[in-house]
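J.: The residues making up each chain are set out below.
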Amino acid sequence: MAAISKDSGAATLIGPSIVISGKISGDEDLTVRGRVEGTLELSRGLVVDPGGIVKADVSAKSAVISGVVVGNIRAEESVELTHEARVVGDITAPRVVILDGAAYRGRVDMSGAPVAAAPRPAQATPRAPARVTAPARPVTPLARPVPPPAPPSRAPAPSAPAPAVARASVQRAEGRPVPPPAPPAPPVVAGASRKKVIVRKRK
Amino acid sequence: MANTVIGPDLVIDGEISGDESLVIQGTVKGRIALQEKVSVDGAAVVEADVDARAVEVSGRLTGNIQASERVELRGECRVVGDIRAPRILIADGANFKGSVDMDVKER
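Protein chains in written order, with this note's numbering: chain X, 1 to 203; chain F, 204 to 310.
The hints are simulated quantities; they were obtained by calculation from the structure and are not laboratory data.
Taking lysine-lysine and the DSS-like style, the derived pairs with C-alpha atoms no more than 25 Å apart in a straight line are:
(1) F:308 with F:240
(2) F:300 with F:232
(3) X:55 with X:23
(4) F:240 with X:23
(5) X:23 with F:232
(6) F:240 with F:300
(7) X:55 with F:232
All chains, full assembly: derive it from the sequences and hints.
T.: Here it is in structure tokens:
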């Protein structure tokens, strides 16, 4: 089964001088040579050519990255970072290939996926990776409603793309990965409701 | 010249800008601002304001069109919106609702 049929002529091409900001979704192969910001959801293959810049959370069937991607990548089949790739963000896919020369920072999650070197046509559960990797983060936390940004920043990132990316770029700026700032106080269990929590940034 | 093609099964919701020609066969919502030509093919659906050098519509377009050179509405197209361009062609069979303004200086 061809993961990416590059030669299917009808595929979409985003040329080098084009900037798209917003949401792209679709059911065909996409080649990016320009710039895409926002979100990208494809049920087919994504190719980011050298020169292409994607600042988006990407979900696709498979992805071959030769350009720049800042954002989390989730693929049903495979993600390949070629020697020209520069990627910051988490990758979730059953098969992840990183070639020599690729620049990458982020987490890789290949877990819970049908690891078949040659994916069979009967890929019965294409959704499986998605379910497994969606971390068991309690969407409904404890008793008290906690605003969504509150959960500890240590939380597994794949489902919280924006903070992960932000943090990743911060780390890059500082040259070395540093542990994220002290995690906010864990959600207070109902009962200790009167306690006032002051979070102060240390100079 | 390299063309950007938005294929028939693709949906873009947002803004497209750049300076190369763009062929739309799929669906685009939002805004399109190019310094080149925009072609809206027969099966395409565009709900966007379009600002380009030239615009050629064979599909469906809802939104205002502004072109510095020309706008061409081909037969079979369905366009709702206002058009501003120095040269505007509307072919037989085109379906158009909106106002036309050719009182624009050719840039």
